[in-house]
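For chain G, the structure is supplied; the task is to place chain W on it using the hints.
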Amino acid sequence: MTTNNHQFSRRLILQGAGAVALIGLGNFGLAPALAAANDKYPEEAFKAKNEADAIKALYGKAPEASDKVKLDAPEIAENGAVVPVSVSTSLSDVTSISFLVAENPVALVASYKIPAGTMPAIANRIKMAKTSNVIVVVEAGGKLYSAAKEVKVTVGGCGG
Amino acid sequence: MTIRRRDFLKATGAATLSAGFPRLARGADNASVYDIERFGDARILHITDTHAQLRPVFFREPSVNLGIGAMAGNPPHLVGKAFLDRFGIRPDSADAYAFTCLEFEKAAGRFGKLGGFAHLKTLIDRLRGDVGINRSMLLDGGDLWQGTGLSNEMQGADMVEAANLLGIEAMTGHWEFTYGEKALRDNLARFKGEFLAQNVFLTEEAAFNDAKAFDPASGRVFKPNIIKEIGGYRIAVIGQAFPYVPIAHPKRFTPDWKFGIRDEELQKLVDGLRGKDKVDAVILLSHNGMDVDLKLASRVTGIDVILGGHTHDAVPQPIAVRNAGGVTLVTNAGSNGKFLGVLDLDLSKGKVADVRYRLLPVFSELLKPDAAMAAQIDKTRGAQAMAWSEKIGTADRLLYRRGNFSGTMDLLICDALREELDAEIALSPGFRWGTTALAGQPLTMEDVLAQTAVTYPATYVQRMTGGQIKDILEDVCDNLFNADPYYQQGGDMVRTGGLLYTCAPAESVGHRISDLKLESGHRLEAGKHYKVAGWASVNEQTGAPVWDVVAKHLRSGKPPNRQPSGVTIKGVDDNPGIAGQG
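Respectively, the protein sequence lines represent chains G and W.
Quick note: the first sequence uses the working numbering, first residue 1, plus one each step.
Quick note: the second sequence uses the working numbering, first residue 161, plus one each step.
By construction, these hints were calculated from the structure, which means they are not laboratory data.
Any given hint could be a false lead.
To be verified - For lysine-lysine, the following PhoX-like pairs were computed, each having C-alpha atoms within a straight-line distance of at most 25 Å: (1) W:Lys411 with W:Lys428; (2) W:Lys428 with G:Lys149; (3) W:Lys630 with G:Lys130; (4) W:Lys388 with W:Lys551; (5) G:Lys130 with W:Lys551; (6) W:Lys352 with W:Lys383; (7) W:Lys372 with W:Lys352; (8) W:Lys436 with W:Lys388; (9) W:Lys688 with G:Lys130; (10) G:Lys127 with W:Lys411; (11) G:Lys70 with W:Lys428.
Excised from the complex, chain G in its bound form:
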């Protein structure tokens, strides 16, 4: 069957907790050399309620969809609290990769700086309040590219 109160309280907690802010500020020993104005904690972007505002606050412009951004996420999450989402890309000169969940209370989940010479591939687990599009933005050569996939968060049960 489907559900009970425990399940519901978990959902409510998720809704209240918002996204986990995993900030991968690339501590790879190169950080000081790469220090720039936008290395600061992107406070405004983490306040944005939807993905478009968050991307704008983070990058100041909008991305274009690209099949060179390969987003791997489940169709239906096995657990909404830890949804495995990974991305890799064949784009060159990648400088940052950001993850967003459109329907989360705070849309931006994480933004990673990618130091030069690093293979642009990131896997992380994100928290999702409910069924939503998951968007990944790759900054490469000063341009923004994106990919998206809907991930369903269900109360489960009732299998055939």
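Same frame as chain G, now just chain W:
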């Protein structure tokens, strides 16, 4: 029950038609139901979703099996007359009885029960014998170990014995996983065939802790495929387990494993089998469900045939799906041992030249039960059969489960939950297994267990708000009717007792369910609390097992609640997936 043999014979041929794929042959009107002309180089036999029904059963196919969006009106979403028309099956024939719900009770009297492992064994041995030694293979698509009190009590061990005797060479799984890793592995140690699953991987934590895996490098828990040589050709069989085990069932049964459809991993596997292993044919033994398989076939290239299950759709002809690499045939072979899929392959180097497919109904009364299997079944049933054979009630009408929204068997279960647990509303899962009882038939504990035997049978009584109840209905409904099959889980709508509602399947999630009312006629209020009873929750519960609750109710002899299902279906007037409401 007397059977008129000519009733069967008149009916053959219809279900053996195949069309839509290059030169798919049309079966001739054979003199005997099970005389099949030899064709090609390899015969693959396929059973699926038998749900541990060792003995012949009645099983009524659905009168509501709606397809939404691109799936509307397409197989498997056809019922009743629309089904007969689409597949060229004559009304009133034995095949019409096996494949549809039309005049079920009348036809049940004429044609009797279907399935049974001793009968299956006879038919399988005959069809394997027809093509000669080393020319055939027997595959099982999963849901073999669950569905009866016996299999639940023995954690599937009874079915492993039956599978070995039947000669199953490879299988995949779904409910098999609900016995947990230890029982699963113990069973597999005794299973003479291979358990295949390309889409089950260790979680990161389990991999880190060196949990057991078939391939530690990839984290793949089970062997993904076998390659069998038949008639000088190499045939690869890949297993695809049910992709949503930890979502549809309690996660505690499979804490170390993650699932999913994983068509990219599948594509890599197929490419490797074609490229490196130079196989001549690739078969996917799938427990995805038919809609998922149809979509998968359009995305993954290099698979010749998908032998499908899970959604219990008995589809007489393969559906041809075009993709970037060519054509993939998709089948689904019904449930409860009612059907045996027969796939004959005409092979040439590196490819399948031609195909014949039949989905044979297993008419128990036309088949002499295999003595060894019958003895094995009697032995295994032993003490339990005695304990569970006492009559505890009578079917007051035709009791069936299968259907998108409701079935009379589930109404009975909901009635029992409400009465015995003193609740206003009852919820019962939309499982697609569970046999059918004819009106007037005595009901035993064994019958009750055939509807309820799961490893998480505990009942619960909870207070839920009207809003929460609506959310549950919406959530389950989206698992059934999401326009994208990859977001469906299979299974039918949760059954409700004491709660009436309107459903518009073609709407989007959150907008399908409306007009919720209690049996009294009062509207369900979003903020108000209601006492709800149910069972088979994915969260751990402590109430009595549902079978005891239902048995108590039957024993009490309370007059049957003849309330209709209370579900009004909207916006599907021209959909051939519905024959009347229910």
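Regarding the pair Lys411 (chain W) and Lys428 (chain W), is the alpha-carbon distance no greater than 25 Å? This hinted pair is violated, its Cα atoms lying about 28 Å apart.
With the threshold set at 25 Å, check whether the alpha-carbon distance from Lys130 (chain G) to Lys551 (chain W) stays at or below it. Judged against 25 Å, a Cα distance of about 47 Å means the pair is violated.
Restraint status (C-alpha distance of Lys630 (chain W) to Lys130 (chain G) at most 25 Å): The hint holds at about 16 Å.
Is Lys70 (chain G) within 25 Å of Lys428 (chain W), Cα to Cα? holds (16 Å)
Does Lys372 (chain W) pair with Lys352 (chain W) here, judged by a C-alpha cut-off of 25 Å? Since the Cα atoms of Lys372 (chain W) and Lys352 (chain W) sit roughly 20 Å apart, the hinted pair holds (cutoff 25 Å).
Are Lys127 (chain G) and Lys411 (chain W) close enough, with their CA atoms no more than 25 Å apart? holds (18 Å)
Please verify whether Lys388 (chain W) and Lys551 (chain W) have alpha carbons no more than 25 Å apart. violated (48 Å)
Pair hint Lys436 (chain W) and Lys388 (chain W), alpha-carbon separation not exceeding 25 Å: Holds. Lys436 (chain W) to Lys388 (chain W) sits at ~15 Å (cutoff 25 Å).
Proposed proximity, Lys149 (chain G) with Lys428 (chain W) (alpha carbon, max 25 Å): holds (21 Å)
Agreement of Lys352 (chain W) and Lys383 (chain W) with the hint, judged by alpha carbon distance not exceeding 25 Å: holds (14 Å)
CA of Lys688 (chain W) to CA of Lys130 (chain G), is that 25 Å or under? This hinted pair holds, its Cα atoms lying about 23 Å apart.
Comparing the model with each earlier hint shows violations of hints 1, 4, 5; every other hint is respected.
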